[in-house]
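Number of protein chains: 2
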Amino acid sequence: MKVVVLCSGGMDSVAALYWARAHHTVVAVASFDYGAKHNPREIPFAREHAAALGVRHEVIALPFVNQLFASHLLQSGGEIPEGHYAADNMKQTVVPFRNAIMLSITCGFAESVGAEGLIIAAHGGDHAIYPDCRETFMQAMGDTMRLGTYAGITLLRPFIDLTKGGIARVGYGLGVPFARTWSCYKGGERHCGRCGTCVERREAFLEAGLPDPTSYQHEDPLPAAPHGSPGSPPPRSP
Amino acid sequence: MKVVVLCSGGMDSVAALYWARAHHTVVAVASFDYGAKHNPREIPFAREHAAALGVRHEVIALPFVNQLFASHLLQSGGEIPEGHYAADNMKQTVVPFRNAIMLSITCGFAESVGAEGLIIAAHGGDHAIYPDCRETFMQAMGDTMRLGTYAGITLLRPFIDLTKGGIARVGYGLGVPFARTWSCYKGGERHCGRCGTCVERREAFLEAGLPDPTSYQHEDPLPAAPHGSPGSPPPRSP
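Quick mapping for you: the protein sequence lines, in order, are chains A and B.
Mapping of the first sequence onto the numbering used here: position 163 corresponds to residue 163, and the numbering continues sequentially without gaps.
If you want the numbering used here, it's the position in the second sequence, counting the first as 1, plus 238.
There may be inaccurate statements among the hints.
If you want the footprint, here are the derived chain A segments under chain B, 3+ residues with CB under 8 Å [stated by the list, open to error]:
hint : segment
1    : 101 to 108
2    : 139 to 150
The list that follows gives simulated cross-link-like pairs (lysine-lysine, BS3-like), each with its CA atoms no further than 25 Å apart [stated by the list, open to error]:
hint : chain 1 : residue 1 : chain 2 : residue 2
3    : A       : Lys-91    : B       : Lys-240
4    : B       : Lys-329   : B       : Lys-424
5    : B       : Lys-329   : A       : Lys-2
6    : A       : Lys-186   : A       : Lys-91
Quick caveat, the hints were computed from the structure, so don't treat them as lab data.
Fair warning: this is a prediction, and the values are worked out from it, not measured in the lab.
Even glycine gets a Cβ: it sits at the ideal position worked out from N, Cα and C.
All chains, full assembly: derive it from the sequences and hints.
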């Protein structure tokens with residue numbers, strides 16, 4: 001299938017790009033600069049991998065998100081909180097309806113370039129605190145894309161039954177150079193090691209039993225996961 | 239309900255703004271400049287009406303649509319075709335997934351400013367040639383918005399059971415100055431009178447039995463509607 005891949009430059013979506021390259025025809029890769037603190041750190045990695053695989057790459061700027069939306073993830077927002085994702089203060093990092101916005105734009109772009117599918121690296125461990133990561137949302141979004149395009153564009157989520165550790169394993173199998181991916185929401189010189197995404201990144205390599213190639217600023221003991229074992233996906237209806 | 243209104247500056251969405259002002263609390267009005275030929279003509283009217291009603295107005299620029307998407311509606315596209323909308327060549331004016339993109343962004347903005355609903359001037363005569371005007375699409379999009387936001391934002395379509403002529407009548411009742419609205423896709427000095435949207439605008443006032451305040455460049459006899467009587471809505475499931 002001809003597909004467009006949504007790739008932020010993070011470990012999940014870079015692995016999804018390598019996976020897509022192995023299983024589909026990748027027409028283009030789309031990255032979004034929506035004014036998040038970590039966009040300048042992650043997008044160059046997306047560009048690097050698209051170039052390495054010889055695939056067209058588009059960076060789509062959404063300056064209005066930083067100007068009009070409220071979120072601590074944005075350059076216009078407050079401090080990124082530390083600790084495990086499920087903690088209540090992690091809600092501050094939600095960018096309202098971000099996934100729908102990125103998926104809608106990528107879908108319109110995909111229809112314009114003759115693609116039939118769109119790949120997103122959503123996974124089983126994605127967070128219920130983010131409404132636009134929930135399974136019910138993703139199902140409705142997939143319907144919206146299929147019904148709103150001539151091509152009936154399909155939303156593909158090849159990693160939806162994997163944990164983040166599972167993605168790490170798949171990525172290693174595909175030769176993904178994970179050192180050349182970015183997770184930290186703080187967007188500093190190095191991964192902080194303490195924010196929600198850094199904690200998950202560290203847990204993912206641990207769970208996968210693989211060496212973590214990341215250089216962290218802090219390597220404190222990982223906080224306890226609030227529910228279940230680290231990286232275990234929440235129950236999900238089929 | 240606190241709502242954000244999607245307003246292009248066209249006759250339907252300006253009427254929707256006046257209707258929303260009468261029935262809800264309008265927190266903000268959003269217009270999109272996506273590089274269409276007629277955006278520079280219509281957006282000033284949206285701004286004018288928001289100012290007249292004392293409501294916050296945001297113009298959101300989407301330059302990537304003109305750069306990356308294929309459509310004759312765009313400045314980067316070919317000539318706007320003439321004749322009735324349902325004609326096959328009108329497909330050339332589809333901007334892929336445009337409604338989903340505008341609705342997603344407006345929904346994220348609405349959640350950021352504490353709104354609970356979003357109003358779009360979709361109506362019963364909207365065109366099945368545009369996949370993202372179809373009822374099934376709009377239902378799925380409404381689900382997506384409700385499921386993907388904390389507020390469970392509701393997609394409101396107050397005009398969905400009206401024809402465009404019906405909207406003209408409602409608008410007249412609300413005192414909408416229709417001379418200060420724009421429809422023509424060609425984006426010239428005056429309404430051309432021949433493109434799909436001009437034909438519909440002329441039919442709407444005829445159907446409503448109201449004077450058309452528009453100055454058209456051409457006032458040829460209206461082309462025959464390909465299905466049913468002019469402005470009659472297609473059959474729709476409840």
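Cross-check of the supplied hints:
no.	hint	result
1	101 to 108	holds (count 6)
2	139 to 150	holds (count 9)
3	A/Lys-91 <-> B/Lys-240	holds, 22 Å
4	B/Lys-329 <-> B/Lys-424	holds, 15 Å
5	B/Lys-329 <-> A/Lys-2	holds, 22 Å
6	A/Lys-186 <-> A/Lys-91	holds, 15 Å
Violated hints: none; the structure is consistent with every hint.
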